[in-house]
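Mind docking these for me? Both chains are given alone in their own frames, and the hints should help you get the complex.
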Amino acid sequence: MIISKKTLARRTVLRGVGAALALPMLDAMVPALSGISGRAAEPVRRLGWVYSPNGMAMDAWMPAATESLELSTTLSPLATYREQTVVISGLAQGQAEALGDGNGEHTRATATWLNGVHPRETEGADVRAGKTADQIAADQLGRTTPLSSLELAIDQDFLVGGCDNGYSCIYMNTIAWRDATTPLPMQNNPRVIFERLFGESGSPANRQSEFQKDRSILDAITNDLARLQRDVGSSDRARVTQYLDAVRAIERRIQLSEQNDTKLPELERPVGIPESYQEHVELMFDLMALAYQVDLTRVFTFMLGRELNGRAYPEIGIPDSHHGLSHHRYDTTKLAQLAKINTYHVSLFRHFLDELANTPDGDGSLLDHSLLMYGASLSDSNKHLHFDLPLLLVGGGAGQLKGGRHLQYPRDTPMTNLLVSQLDKAGVRLDEGLGDSTGRLVELAPLADV
Amino acid sequence: MGVARSRSTSRLTFTATVAVLLAARLAMAGAGPARQPEPQTSSWQRSLLDRYCVTCHNDRVQAGELVLEDLDVLSVHEAPATWETVVRKLRAGAMPPPARPRPDAETYDRLVSWLETELDRVAAVSPNPGRTEAFHRLNRTEYHNAVRDLLDLEVDVAELLPADGGSYGFDNIAGVLGISPTLLERYLGAARKISRIAVGRPAPSAATETFRVANDLSQDDWVDGMPFGTRGGATFQYNFPQDGDYVVRVFLARNAGGSLAIFDAPHTLEVSLDNEIVQSYTVGERPPVDASRGSDAYRDWQARQRTVDSDWEFRLPVRAGPRDIQVTFARRTWAYQETVREPYLRPYTGTDTRRQPYLGQITVTGPYETTDVSPAASTPSRRRIFVCESSQADSTREQTACAREIVSTLARRAYRRPVTTDDLDVLLGFFEDGRAAEGFDAGIEFALRWLLASPEFVLRVERDPVGLSAGTNYEISDLELASRLSFFLWSSLPDDELIDVASRGRLSDPVELERQTRRMLRDDRARALVTNFASQWLYLRNVPAVYPDEDLFPHVGEALRLAMRRETELFVESIFRGDRNVLELLTADYTFVNERLARHYDIPHVYGSHFRRVSLDRLPNDARRGLLGHASILAVTSYPNRTSPVLRGKWVLENLLGTPPADPPPDVPSLEETTDDGEVLSMREATERHRANPVCASCHRLMDPPGFALEQFDAVGRFRTHTAANTPIDATGELPDGTQFDGVSGLRDALVASPGRFVGTLTEKLMTYALGRGLEHYDAPTVRRIQRDAADENYRFSSIILGIVKSPPFRMRRTES
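Chains A and B are the protein sequences, given in the same order. Under this note's numbering, the residue at position 355 of the first sequence is numbered 355, and the numbers go up by one with no gaps. In this note's numbering, each residue carries its 1-based index in the second sequence increased by 1000.
Next comes chain B alone, as it looks inside the complex (with noise of 0.2 Å):
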């Protein structure tokens, strides 16, 4: 029934067409000589868009609210976002949709490349490098990293700030950057914590903090870092704030009713404090001999491991800074697990499948007894600060000329330019007060506080030149521009090494510019590309909310969340710190794994848990290689029951092609998985009979097809040839442009095949990270631009990078219209 009513359905509509369309041509036949006078010969291009395009793109009809009928094709300079429009459907081949003709390949090409040659002829007439805002807030990812790097300290911002929204795929974006009432008291706050661990100034009174280990990570193995010997467990890092006594309290995991399991044999328990043992505990001790069960002792024996961890508590003496507390039990066996079920590659804690005790938690309370003056130690973070010692022994002169120092060399750091006299009054004022209150130190804490919480160090500003008049492009300032750089590739301030060459105005000279980024993608900071660009890009921050149905997928547990996660963090960085052919992120014939994720992807003998480079030439076939054979992207685009190709589909449009899809109308209905007999259904078939609505069909012929071809990949990223309803898969489908492919290889070699759509896209998703701004039309001879000078260098990431450091966009900006 419903199959029949949808055909009378597309009949109708497909009757209305014809006759729309019929309309169309006679209104057009009939207006011929109405019309202004065209000229006596079109050009190839009228022409062609006039055969191909404006029977649909036309007045009346107004096809995607495009109308190129009047539009004067040999002046695109008059409508440049739309022929901009135009050129990014015909490269990437959706226009005319596959039922219409089109002309032949090397038409159609001819076509789009003189449309992108006149679209650059224009721009580099009067070029728009567009508009930046003028305040850009450091996200919460920055403002770590900025902290790291003015006061080598590491933060755990999660706690102290709150999350950021995000547009267009990323979380730097200044138009989203706001500034509430919250958020404001936050900085407060974590100005003021940062402040006083940084110098190393008592806190009011102890605090606890509590260090967790995931419930569903297998604790039967080495982890990284611990003594040969031992197994699970974990390391805690911890910034100790002072000098003092701590107090540490260690919990064992619990099942899900919060109650500890009974072992019959004693495990040892050891903590460790920067690698020497500082305590020892046992769990688990063999049962009373000849005790029955019932009996008194037997159950005595119960009561007392229910409570073994109620006096796990120790005090020790600890010197302030940055520590690494490791817990870890001594390993008793070597022999693999042996029972009828095999077991599972994680614990369960509703019904505890547990064999071993596990560690739950620590909390660690201090500082208790500390002396209050300045500690003896000295920290990371103090080492950074005091580039001068003082105190209440100097006189005041003295104390000054030390504060004035110290404040100078932060401030130019944090504020990302050379400091003035204003700046160190309003500095100086704080450390008179902090000191007049509490001496030296707390002065020094006083200002850190003002210097954290103050507008120029969240906010990155950037200036009009006066007297410009409105809509002029300008060069920003060297020192703009050094900011600009290094929120780019590092996520962070810049160094002093940067500030220097920007603020003698060298950073503008084209060699020096060229250096400095060679330098700064070669500087360990660059990593941020990896885990805050590629993360996001690739949608890697959502892994760890990948929680597969139990039942369906009972092995993923923490540990391959992590590794999955690890995998693509390590690929991507061979290739981005490699400096390699940006496509390899699809082809590349390796990747990164360990013991976990080999069983996962059932690559054979790979042991341990540390990470290493294999090669996937092991696998049968090579639909492992690349981006689209990770498992964090796979599972990441799947639902925890099943996979998604709709939105492994859009995925791959969106962050692959470059062609996200418009977004769904409202109150779609949810799919139905069987046919009216109870019959299941593939993905694809299931997914079919969706389409079978024209409306919906419209972006879905296009979205899907590469969510077919992932379907060798189940919800969890493991290969497989048969669908959940055990009929082989059909991984068969064309990209929007027509070309075939079967399979994730085929769908590979497919988006390869024109390699200047995936570095395209590539390029986009950097430029809006490096700007902060959406792309606009004006945009695009920048990117064609920067594709072009790509792919003499054979495509390798720095000369993506260096195409964006060096263009328009990135070193000028327009004025206010």
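Isolated chain A, as found in the complex (with noise of 0.2 Å):
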């Protein structure tokens, strides 16, 4: 497959991860920039969301019912991440129950996975959902950064009309809502991501090359409004201000991406989307792995399948469709193959966390100032079940993350409470609830003894 040639070389990325510069510490930058902390021995903290579709095997996710973590088969992958993992049971989203629409649980759970917020039953282009935790989280956080957020999906948006039964398609295409009526893209292509990240081009010659030409048509683009602001009258000039600002923004993050770039290696710009899944998971894992590690961005969210999807993972022995796998009706081989498609995705999670581990990061590495949020927005797939939610936070979360729990609530509390937690250990201020949340999940409070 000529296609094939051209993927980003993973061992090119890895190489560069790992090189041998000592990275300056990248907090440096913080004090200059950013208005969240003033200290420079603050680290940065980085956030995501990792989407596995259409519920899971439970018995095989669930650990034992200890507070000790004791990883089930589904989780086995994460043994080197045990410390650094808590697995949370119990969790429910309410608002994705029908509460007197129709029948759109899919559609429900991946609308309210990150908001707690029940979605406007519509077809059409009146959609509503609620703003989203990576959304909240991108504000503050992406403040700095050259982009606030990262929407990254695997299976394409193309479907529109309805999906599920009275449902426009556009909720099951994200789990990002920038605010109740603003639905995210999710980006499936890695030459689109490559592109926004770094630019058309991957040798760094020619990144150079390009910035400087920017800075070049800035400088004459000033020069030109400076003569422009002279020949209008003083109530027009505001419009050449807010020209003049926007401006100095750009030179800004030109300026940020030009440093940032020097620790970068040469980089090969994908061509598209890989043939198979797991490079096409692996290729955006690297990508968002790289962005993390020049401070490109800090929050991302990343769906690894829509719900609903029919996917065959035959690279493991399972030629069904995964959402037919999902209505089992208790069979013990089907059961059995979701609990391998489940694992499967969780040992692609797995890679990301590799990366990250062996990212060096001020005084740790990438994963200890992470916190990332792994599962699925239904638990029992036959059944569709909205609650007893299979879910766990991994990363060091800047010494804010203590691991190696299992932690099981009463069952209704909010998954919610989890999101506004996770969100509280990275710093970010949330004024009033998010969603359906009634408070945080106190014993994810403690630090960790550093």
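No incorrect hints appear here.
Calculated from the model, a selection of chain B residues having no Cβ within reach of chain A, i.e. all distances over 10 Å:
#: 1; residue: W1222
#: 2; residue: L1479
#: 3; residue: Y1539
#: 4; residue: E1573
#: 5; residue: A1662
#: 6; residue: V1695
#: 7; residue: Q1740
Cβ-to-Cβ under 8 Å is the rule here; a few derived chain B residues that face chain A:
#: 8; residue: F1135
#: 9; residue: I1179
#: 10; residue: L1184
#: 11; residue: E1185
#: 12; residue: A1203
#: 13; residue: T1363
#: 14; residue: T1365
#: 15; residue: R1449
#: 16; residue: W1450
#: 17; residue: A1453
#: 18; residue: S1454
#: 19; residue: P1455
#: 20; residue: P1640
Under 10 Å between C-beta atoms, here's a sample of chain A residues computed to sit facing chain B:
#: 21; residue: T122
#: 22; residue: D126
#: 23; residue: G166
#: 24; residue: S168
#: 25; residue: R191
#: 26; residue: S203
#: 27; residue: E210
#: 28; residue: I217
#: 29; residue: I221
#: 30; residue: N223
#: 31; residue: L225
#: 32; residue: L228
#: 33; residue: D245
#: 34; residue: R311
#: 35; residue: A312
#: 36; residue: P319
None of these hints come from the bench; they were simulated from the model. C-beta: ideal position from N, C-alpha, C; glycine also.
Written out as structure tokens, the structure reads:
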């Protein structure tokens, strides 16, 4: 296949990531730019949410009912990171229940996952849900990064019209909502993401040359605007001032990108979407790790698949459709196959954790300073249950997460309480709750003994 | 219970109102002698106001925040804004409110005409052309058109630039077209990409372009532009950036779960480039003979089909330039499908209803193995740019001379004025940098990149002349006028002829101005008045978002959406470009349909997917005539599962009558669609109950009646005689001025009975679009003048356009106050 030869060589990236260059403390840049904290010692916090579709084979996922975490079959790929993992059970998305609306279990599960707000039942363009946790984080953590957040997916969002009995397909295509009426598109093409992050070219020489060209154009724009400002009346100058402000903002971003860029190795721009699922997922995680590394963004969401998708996984010996298997009717063979898919997804996530753990960041690694959530929006997929959701947090959270635990909550504790706690740990201020939250999960509060 | 409550509420309100009025009367009577001395004989105008208006519009009550008590009606120049408001209400016949007394029609008209004449007289003495913003940024559409006309290059602006904000119903209003850092960043990116593609220089690496087909578009019939004997698929236009090899990947359409269907007969898919077949594939095969369902052979047959397009990828050499890629299927049969159910007119992907394979998407990746230097092929954009040729082979002086010629030609068009030495210095500076790095073409690329990113390209600037005092009217310069004219009529740059005429100072001459305007209206670029102005005025941009409830309207898919929009575009074009009486927009007895749309309208004997003009005489009644019968407008003013008389009424008031209702108060509860006993209400009954509240009624009694007439069309624009509740539709109503109508035909007749209203509204919309600012009270005399002049010309479209172009607001501007 011609295309596959042009995918971003993972080895190249890893080599760059583990480069011998001592990376300067990224947090040295923080005081100059951010309003979040003035203390240079405060490490940068990163957040991320990874979504696994079609619920889980719950028996295989659920760890033992002890507070000390005993990894289950599905979670076994995370063995290396047990000390930084907290599995949380018993949480529910009450707002994903029908509550008088029609049959749209998968849709509501997707739409409520990160906001706890019941979505409006409509097939038209008047969709409505709630602002999601990642965007609240992006508002605050994203103020100083070139991109406030990144939304990634594997499945395309080409479906339009109705997808799930009375709901617009828009609801299924994304887990990130900028505000109640603005769903964010999730990008599944690594090339497009690469271009957003690094521009059109992979070579540092080329990128540097583009930076320079843009800067000389910006200089010329400034001169032009100075002249225009003289030509017009005082009340009209406001527009020129707005333009000049924009020019300065872009000049700053370019400067930031230029400084960060020196740490990047030679990167080959991916040509498009890889043929195999595994390559596709790994490439997306590679790009995300790079984005974290050079502080292009600190917030991301990633859908490993869309609800209802019928992907088969022949690479792990499963020729049947994922959604089909998720309606196993408790047949043991099918449950085993579903569990295998779930485990596979977790192992792909582990690949991301490996990259983060191997990337130095300040006085630790990227993983030490991240707080990631992994899980699904349905538990028992056969019945489309919205409670006892399979969720976990992993990462150091900059010393905020005490790992190696399995926290079990009484049924119907809102999942949004977990989201609120997660945001809390990253220093994201929430004035009111989130969706149907009733407070925080206190057990997540204690700081680790550093 | 609810009804009783509102009755007592309204009784209270009534009592309160009476009390207030009595108090006001007494106050007036009592206050008589203490007020300032009134003239001995009140003018007839004053008497009318006192008798019919001042009972509510006085100092105490201040109905609608309008006080007419103390205003001297004989001196309208003291409060022209107020009197214009009065005129607007009176022309719409909306005041006095229906319940209250009003003079006979002749007297009523006499007062309005007198007020208008006075206001016009005052305006003539001291006109106010208004003040447009000094900086007016090009919006996305204009940017696209400017690049098209400057470089002969089609670019996808939706991908390059973010959407623009809108105001007053249009997206070219200077006040809301700001510049944010994000936008500037996108301008820089766009300039980089466009300059590279236009000059034909290599990209840093291969790129992939994806082209998709809507998944609810039927592909069972022939598609326009494809060879006969084919069905389905699509044509994609792609601008191949450079000579080289490109890899094409073809994907069939999948169902909602992402799987391919199984077909038991072979279908041939053909891929062509500029009408020459370059590849073909087969999908579907007969099941193995004598194989039972569970057998391996059968299962293999199924498995093969599930991955049939996994290796549908081929590589071919292509010359740079815009080319058509056509993908289609050979038609297997002309027979109609026979099923127990009537087949859907659109495919469904949840439960896959497609009986044949459909195209999903294609990707084109490349270029691979390109020659690094300038391509041998000349693309349209290179031909446009390179008015002279040069390369490293020539001396530096020769190269610079040629570059000078190239950039000055481009800059004159891009900046819309003669080029100065300063302009050239900067442009040639960028040229030199690029040339020093990578040669002549790279130099031109860099200069073009600067040109596209420069403020003088993306901003239209209007400057006050030096030395004028504040608040003075002046004629804008010829070059500024040229820009206004071309962005009004073409949504694009002025062409060479217009710039020539303007730079010689000839454009301000009225005869020349008319001649240029007429020339530009005849030019193809004037289609922008249809695709840009009319599509915003008539909400056609919302048609792609029409997704009605699939259970209630199972036949609405992409084919109908495309057809709806096309019909209205062709219809408006026939009237605009045909220079017909604009009232025909409402009354014409013809329209444009293809088979899908004709089916929707029950127009018989129309076959084929191409559009053609049909007479509406074939229909049993004339409800369908004019814009009010267009499915596009009827669908965008409905909800996905039902009609909305309120939305439709509001649309009529806003876009046809020019009297938009006020914004609704917050927290309006949703409509009750059944009685307490569960009986389904007709839309009219449901809305009537909603309007029982007098606070709501004040606006809704004006807004809903046109919507009731339009109840004769359902939520997707089909004609009907009975409501969803299966009762006969009551489509009677009245306009704000009391004119009664029955049904759509009646509404239409009522609307054109006083043609000035519709013409005035259209004029206002065109003026807002032309000036890029909202209209103010001082623009009203201009609108009236244009209306009157157009009446003399039988309301031909060109008369309105010329009226606007020659008017003071278009030709002049006021300095800062």
